[in-house]
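**Student:** Sequence:
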Amino acid sequence: MSDDVMVRVDNVSVRYDKQVVLEAVSFDVARGSVYALLGRNGAGKSSLIRCLLGIQKPAVGQVMVNGQNVWANRARVLANTGYVPETCDAPAGLRVHDILQFYRAVYPRWNSTAAADRLKRFGIPERAGVSTLSKGQKALFTLALALGNEPEFLVLDDPTLGLDVVARNEFFSDFIGELADRGTTVVLTTHDLAGVEGIADRVGILQGTSLAIDEDLERLKLDRGQSLEQVFLETTRRGGRLS
1 MSDDVMVRVD NVSVRYDKQV VLEAVSFDVA RGSVYALLGR NGAGKSSLIR
51 CLLGIQKPAV GQVMVNGQNV WANRARVLAN TGYVPETCDA PAGLRVHDIL
101 QFYRAVYPRW NSTAAADRLK RFGIPERAGV STLSKGQKAL FTLALALGNE
151 PEFLVLDDPT LGLDVVARNE FFSDFIGELA DRGTTVVLTT HDLAGVEGIA
201 DRVGILQGTS LAIDEDLERL KLDRGQSLEQ VFLETTRRGG RLS
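Letter by letter, the sequence shown follows residues 1 to 243 in this note's numbering.
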């Protein structure tokens, strides 16, 4: 891998018994860039995210992050990786402060001051119970947790799913601000195509079991004379809700 490549997905195939979910998927993510991974339900995005996080071993191929094989070096890679899932998975019975203390004990590079500053900016009291937070606050809280160890690589798995327009805008606004400050490399899956257009450098669209498109976002729109939504619909060519 060259120094300017942070993530390399190399000929990755994922199978469950005889079912092929992904077949020979390859793409690079440049260091400091945002890569939007799109596809409809069942396109294989979740399987690919699990491979990126070292949770699942590809049937064929490999995933490299910062020059290291993720499956073979999970602990080392994840120590420098942040993850924001679809929904906040923090225990509802705990307070925000309790979860911060847990993360501080787990991550050697945990920055308590930065995490506290983010929560203050997000309007989330540390003494608040997780169950009392709104959906938007939970999304921002999860973002704060993902950024607390100051990762070089960040995975966002549809983090604004179920949020209203205001909450989605707040999330992406704070997210963009963090990127500008840190230069973090990001892989993002989302159903919010309008949100993607404002932040992604490159886009990949999964269709069937393959990566049908892997292109610079602005070049893709310019060459086709279409919005990202139009390109997406034309590429996938079938009904169903975005995932």
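A few of these clues could be false.
[Claimed, not checked] Estimated spans, in silico, between C-beta atoms of each pair:
hint, residue 1, residue 2, range
1, D98, S13, 36 to 42 angstroms
2, G42, N11, 17 to 23 angstroms
3, G123, W71, 36 to 42 angstroms
4, R50, E197, 40 to 46 angstroms
Treat the hints as calculated values from the structure; they're not laboratory data.
Glycine included, each C-beta is placed from N, C-alpha and C at the ideal position.
**Student:** Hint by hint, note whether the structure agrees.
**Tutor:** Structure-based check of each hint:
1. D98 / S13: 36 to 42 angstroms: Holds: the Cβ-Cβ distance is about 41 angstroms, inside 36 to 42 angstroms.
2. G42 / N11: 17 to 23 angstroms: 21 angstroms, holds
3. G123 / W71: 36 to 42 angstroms: 39 angstroms, holds
4. R50 / E197: 40 to 46 angstroms: Violated, at about 26 angstroms.
Violated hint: 4 only; the structure is consistent with all others.
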